[in-house]
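J.: Listed below, chain by chain, are the residues.
There are 2 protein chains.
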Amino acid sequence: MKVLVLNSGSSSIKYQLFRSDDWVAIASGQIGRIGEAEGDLKMEWIDADGQSQCSKDNRPIPAHQEGIDHIVDKLQEQGVLADVTELSAIGHRVVHGGPHFKHPVVVDDEVEAEIRSVIPLAPLHNPGHLAGIEVARKHFPSVPSVVVFDTAFHQTMPPVSYRYAIPEYLYTEHRIRRYGFHGTSHQYVSKRAAAMLDKPLAECNLITLHLGNGASAAAIRNGQCVDTSMGLTPLEGLVMGTRSGDIDPAVLIYLWKNLDLNAAAVSHLLNRQSGLLGICGVNDMREISHQAEEGNKRAQLAIDMTLHRLKKYIGAYYAELGEVDAIVFTGGIGENSVEIRHGACEGLKRLGIEMDEAANAERIPGERVVSTPDSEVKLLVIPTNEELEIAQQALATVS
Amino acid sequence: MKVLVLNSGSSSIKYQLFRSDDWVAIASGQIGRIGEAEGDLKMEWIDADGQSQCSKDNRPIPAHQEGIDHIVDKLQEQGVLADVTELSAIGHRVVHGGPHFKHPVVVDDEVEAEIRSVIPLAPLHNPGHLAGIEVARKHFPSVPSVVVFDTAFHQTMPPVSYRYAIPEYLYTEHRIRRYGFHGTSHQYVSKRAAAMLDKPLAECNLITLHLGNGASAAAIRNGQCVDTSMGLTPLEGLVMGTRSGDIDPAVLIYLWKNLDLNAAAVSHLLNRQSGLLGICGVNDMREISHQAEEGNKRAQLAIDMTLHRLKKYIGAYYAELGEVDAIVFTGGIGENSVEIRHGACEGLKRLGIEMDEAANAERIPGERVVSTPDSEVKLLVIPTNEELEIAQQALATVS
Ligand SMILES: Nc1ncnc2c1ncn2[C@@H]1O[C@H](COP(=O)(O)OP(=O)(O)O)[C@@H](O)[C@H]1O
Ligand SMILES: Nc1ncnc2c1ncn2[C@@H]1O[C@H](COP(=O)(O)OP(=O)(O)O)[C@@H](O)[C@H]1O
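As given, the protein sequences belong to chains B and C, one line each in that order.
Going by the UniProt record's numbering, the first sequence opens with residue 1, and the numbers climb by one from there.
Going by the UniProt record's numbering, the second sequence opens with residue 1, and the numbers climb by one from there.
None of the hints are false.
Since the list gives no way to pick out one identical chain from another, each pair is judged satisfied if it fits inside one copy or across any two copies.
List time: in silico BS3-like cross-link candidates among lysine-lysine, alpha-carbon distance up to 25 Å:
1. Lys102 to Lys297
2. Lys14 to Lys138
3. Lys199 to Lys349
4. Lys14 to Lys74
5. Lys138 to Lys74
6. Lys14 to Lys42
7. Lys74 to Lys42
8. Lys138 to Lys42
9. Lys191 to Lys102
10. Lys74 to Lys56
11. Lys56 to Lys42
12. Lys102 to Lys14
13. Lys56 to Lys14
None of these hints come from the bench; they were simulated from the model.
Take the sequences, apply the hints, and build the full model.
T.: What follows is the structure, given as structure tokens:
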């Protein structure tokens, strides 16, 4: 049997098809520019001989409906999906589950309505997800659609972590609280970390660092999330590609009053023009490292600020947890940047954190330990796999 | 000789008069409701026999000019100030020195203009300070007026700490950065901590926690401030009496868009209706402790959130500093709340932080050590004295 994972945005659909006996991804692809004059279509798959194949195409995809049609046609045409009865489940990534969803659920009308009701909390994401969910339910009436939420893993946080120090009615009436995101990734790497530590997850205290274009940290006690750096939205926390992360809230009031920006302009500024991009004009960490090596001071500041913020979160979560078994690095930067991993752990010997610089510097793929044998806190690099986690959770939910 | 310390607000003047040979405060007082129909006048002083005296009065004080006249008359009338030639200096507290002032300075027209130029950064404070400074310069033409800034001690922070991850022009053109406040208090307790540790301040790594109605933490490396929790304004950081401290900046955008609040309303909400008050309806920690003991859950949450945020800052600054000699508690809550000090240090054994619960529970005034003899990090309670620090800095500046 197989599981299809869909990540629908407002004008795109990303997908992966997994074989559920060995969890190999036998196809993955992306449809971009839905609704525009010319859509972008890409797919990679493993053919009958076990060879990787890929195809690219451009043609108009007016709406999500045609997008799903195309995906199914293409999967069947390339022989990776015989027919729809082969699908045990469809897993949908949904960014925001609001305060309601603590676990994945099979979609019905009520679930759809609940996801719709949190659109004000995730105006950029949930509408696109809903478009994909609706079409999938129509197209595959016999296959259960399961929604897997980026927020669900963080639902174990206690009120001290998820409440903000603002008037209570903003929480009770407007649902303003910390939700946290990247939950599927934090959950996936937590499980893998437990396996690497050879310890039950329920006995592991971890700090997981998902460092990609978006970046977040999570504090995990006995396998459960107790705190995370993203908040009501993915804007809070670490320095990210184009997002500011933590900032004096009064900066927004200052911009509003003195620069005469409106809510949309301030949101754009902090979400799209800030972070690494705002500090040094570039948001790609590889390029920034390169520029810093060549002596560019703004690029160096962007790296130093990233490290400074990371170190503060490591310390904060260390204090919250009291004892830490491992710190996990994942995401494009966490998996690949020797320098960021090194810098984030530098000077933390007193906390029992000692990096094995040679192991850290090895550029090899896959899961690995980069701390010294004596380091009390293990340092782990674990490539994340949110799609696999979604597929497995979707199957578990319908089984 | 004597030093007069003035803290002028928009409708109030607080003052203290110090004898500079032994630094005893021989008089202190407050004028409130300047410009209203009826002003509030209070003074305490030590008379010729060494006895404490006090007086209260109500009469109209139309402006700062009449306020200063009153203070001088009153000090002379009670015999604590023979005449103005006894004053070596007048020290003025100024909340915001902007990026320019790293040290106290004698006021001249240029300095006044510079303080005026940062009014947009401190619209609630600097105008009141300037009113006091102008009048003092006119009234005491022969006595140097020295301004001592709440921001100055934090000016040693490196760019990684004071820059926000927002577009660079907001820093270069609009001076948007972390400044930090309560600097005079953090500086005062740092010096006292070094004395208690019997170590040169320049060799001390400290975390200083000023916990009053406003609250801030500072990280001090080798006697110099390297980070602090308040930012562009005193809104950022810890949970305070009525201020939110850290929050997802997107919450402001949400309020703006969905609750239709304007900049002034959001500022009022986060500065005046949030913090402890927002969580549990009360902003006085003594009252909150009392309610929590009686089983009030919202009061307990307010305490728990205060502790959670404090612990995160202790951990963050610990990681930044790498090694910490002492953690210092000051301010109304830091000096008096057994429970907050206990909770902030609980579970931090792994960081070498061990409280002596009996010493912590003793309700005695004055400087004291509340850690166990074995605690690697010393825990100190140090009553702050910002007025004394201002007086001493003012005298040092003119000497
Ligand atoms: N070898 C590398 N060294 C440093 N950074 C890298 C490296 N490879 C990828 N990255 C960075 O990873 C980031 C993208 O991470 P990724 O997890 O793919 O992003 P997303 O959040 O969009 O999924 C980019 O900043 C990229 O420069
Ligand atoms: N014994 C006490 N126990 C707990 N809190 C106390 C105690 N005494 C004073 N406080 C608290 O200290 C806070 C005021 O601190 P203070 O430093 O005087 O404020 P400000 O920032 O206005 O100078 C109030 O919340 C008050 O309840």
